[in-house]
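Q: In order, the protein sequence lines correspond to chains A and B. So in this note's numbering, spot 92 of the first sequence is number 92, and the numbers just go up one at a time. So in this note's numbering, spot 8 of the second sequence is number 8, and the numbers just go up one at a time.
Any given hint could be a false lead.
Each pair may be met inside one copy or between any two copies, as identical chains are not told apart.
Straight-line alpha carbon distances no greater than 20 Å define the calculated SDA-like cross-link-like pairs of lysine to any residue that follow [stated by the list, open to error]:
id: 1; residue 1: K26; residue 2: E75
id: 2; residue 1: K47; residue 2: I95
id: 3; residue 1: K13; residue 2: L71
id: 4; residue 1: K47; residue 2: S86
id: 5; residue 1: K26; residue 2: N74
id: 6; residue 1: K47; residue 2: D85
id: 7; residue 1: K10; residue 2: K23
id: 8; residue 1: K37; residue 2: V94
id: 9; residue 1: K58; residue 2: H96
id: 10; residue 1: K16; residue 2: I95
id: 11; residue 1: K73; residue 2: T93
id: 12; residue 1: K16; residue 2: H96
It is worth saying that the hints were derived from the structure and are not from the lab.
There are 2 protein chains.
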Amino acid sequence: MIAEIVNAKKVKKTKKLMELEVKLGKKTRTVVSGIAKGFDEKDIIGKKIVLLENLFPKNLKGIESNGMVLLSKNENGNLIFIGPDSNDTESGTVIH
Amino acid sequence: MIAEIVNAKKVKKTKKLMELEVKLGKKTRTVVSGIAKGFDEKDIIGKKIVLLENLFPKNLKGIESNGMVLLSKNENGNLIFIGPDSNDTESGTVIH
Numbered sequence: 001m002i003a004e005i006v007n008a009k010k011v012k013k014t015k016k017l018m019e020l021e022v023k024l025g026k027k028t029r030t031v032v033s034g035i036a037k038g039f040d041e042k043d044i045i046g047k048k049i050v051l052l053e054n055l056f057p058k059n060l061k062g063i064e065s066n067g068m069v070l071l072s073k074n075e076n077g078n079l080i081f082i083g084p085d086s087n088d089t090e091s092g093t094v095i096h
Numbered sequence: 001m002i003a004e005i006v007n008a009k010k011v012k013k014t015k016k017l018m019e020l021e022v023k024l025g026k027k028t029r030t031v032v033s034g035i036a037k038g039f040d041e042k043d044i045i046g047k048k049i050v051l052l053e054n055l056f057p058k059n060l061k062g063i064e065s066n067g068m069v070l071l072s073k074n075e076n077g078n079l080i081f082i083g084p085d086s087n088d089t090e091s092g093t094v095i096h
């Protein structure tokens, strides 16, 4: 599903984890993702991403994560998001 | 997996189907996708997309399709591709 990152903060006492608040249509949820080394919080607010949303919740460092962000790497090995080709996609839109 | 569209042609006698030749690293394969109403062939050559590549082959109008292209819709209901956030990603790169 297409999700929009509406808030992000690094998880304390970890190097890699970022706590994301993502919007899926009218609902928001919390997802913890291992992207803290690759991105600054301020650069990813508003980004449209792909979220696997139908997973069991997982507790990561005391935070309940509800989904998984799809990621890949660029030619330099840096993390990149997978997302819609056009930004005029509403969060909550299904991928098929 | 990240795939690059290297060739595209509409499937004759159908309205929706497009036959795509996609590159995955050093290999290419054929995928049939229902995108012919939304895209012109010439506009999508070179595009980096997300391909589900580990599916059973499927015969569509006599063409063996080896994978599925991830798609979503924009706010106007038009089809859009799902792809890497940065174009400097090599085809064949894994998504996780």
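Q: Next step is simple, just say for each hint if it's right about the structure.
A: Verification of the supplied hints:
1. K26 <-> E75: Between copies, since 15 Å is at most 20 Å while 36 Å is not.
2. K47 <-> I95: Answer is both; intra-copy 16 Å and inter-copy 18 Å each pass.
3. K13 <-> L71: neither (23 Å within a copy, 37 Å between copies)
4. K47 <-> S86: For K47 and S86, the Cα distance is within 20 Å both inside one copy (11 Å) and across copies (13 Å).
5. K26 <-> N74: So K26 and N74 pass the 20 Å test across copies only (17 Å; inside, 32 Å).
6. K47 <-> D85: both (12 Å within a copy, 10 Å between copies)
7. K10 <-> K23: Answer is within: at 18 Å inside a copy they meet the 20 Å cutoff, but 36 Å across does not.
8. K37 <-> V94: Classified as between: cross-chain Cα gap 19 Å, same-chain 29 Å, threshold 20 Å.
9. K58 <-> H96: Classified as between: cross-chain Cα gap 17 Å, same-chain 25 Å, threshold 20 Å.
10. K16 <-> I95: between (27 Å within a copy, 18 Å between copies)
11. K73 <-> T93: Between. Shortest inter-copy distance 7 Å satisfies the 20 Å Cα cut-off; intra-copy 24 Å does not.
12. K16 <-> H96: Between copies only: 15 Å across chains, 30 Å inside a chain, cut-off 20 Å.
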